[in-house]
Amino acid sequence: LTVAYKNNTPILSKLNLNVLPHKIIAILGANGTGKSTLVGVLAGLVPQYTGEILFLSEPWGENARRRSAFVFDRMTFPALFNAKQIFKIFSPGRIVKTQTAETLDLFKLDPDKPFFLYSKGMRQKLGIASALIKNPDFLILDEAFSSIDKIAKETIFSHFQTKTRNGRLSVLMSTHSSEDCNRWADY
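Here my numbering is used: the first residue of the sequence shown is 467, the next is one more, and so on.
Derived by calculation from the structure, the hints in this document are not laboratory data. Keep in mind it's a predicted model, so treat the numbers as computed, not measured. Take these hints with a grain of salt, some might be off.
30 Å max Cα-Cα, derived DSBU-like pairs, lysine-lysine [claimed, not checked]:
(1) K563 <-> K586
(2) K619 <-> K586
(3) K579 <-> K616
With the sequences and hints as input, model every part of the structure.
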């Protein structure tokens, strides 16, 4: 995969990445090294690239995006919406009430609190929770933990590890934190 912007200087050059199923894969790098560009390509936000992206041996496209969920470093939702309303937007059809309750409890989210009243870390937790409520096969995180406290991070990553071990989730995360890579990533 190669991506270049206006002056044709490659941001990503001949990237070859194999995300193994049911693993947590981390991409560690400094600012400006192409981590967010890669996530943007996968999300369909960066349409100009050369190369091939495969998902389960098929070309990356709408089917892969439907089976994936994305969390960016600055998640934003309608200001007056609460967590339950946001979950309804992201869920594929009807959400089971127990699933909503379990997710709210895991992420320590107030179901009725409007988004604009959440702190930056709580907004990020809500972004991750809304991605998980979709039950994706592939979760793609772009520096999603930069504002989340250590205790919450432990809980969330433990949840990811349980889901990956049970064969229900693959995770690709970009980060600046070598500590997160060493502690949580399989690769």
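Status of each hint after checking the structure:
{"no.": "1", "hint": "K563 <-> K586", "result": "holds, 26 Å"}
{"no.": "2", "hint": "K619 <-> K586", "result": "holds, 14 Å"}
{"no.": "3", "hint": "K579 <-> K616", "result": "holds, 23 Å"}
When held up to the earlier numbered hints, the structure conflicts with none and fits them all.
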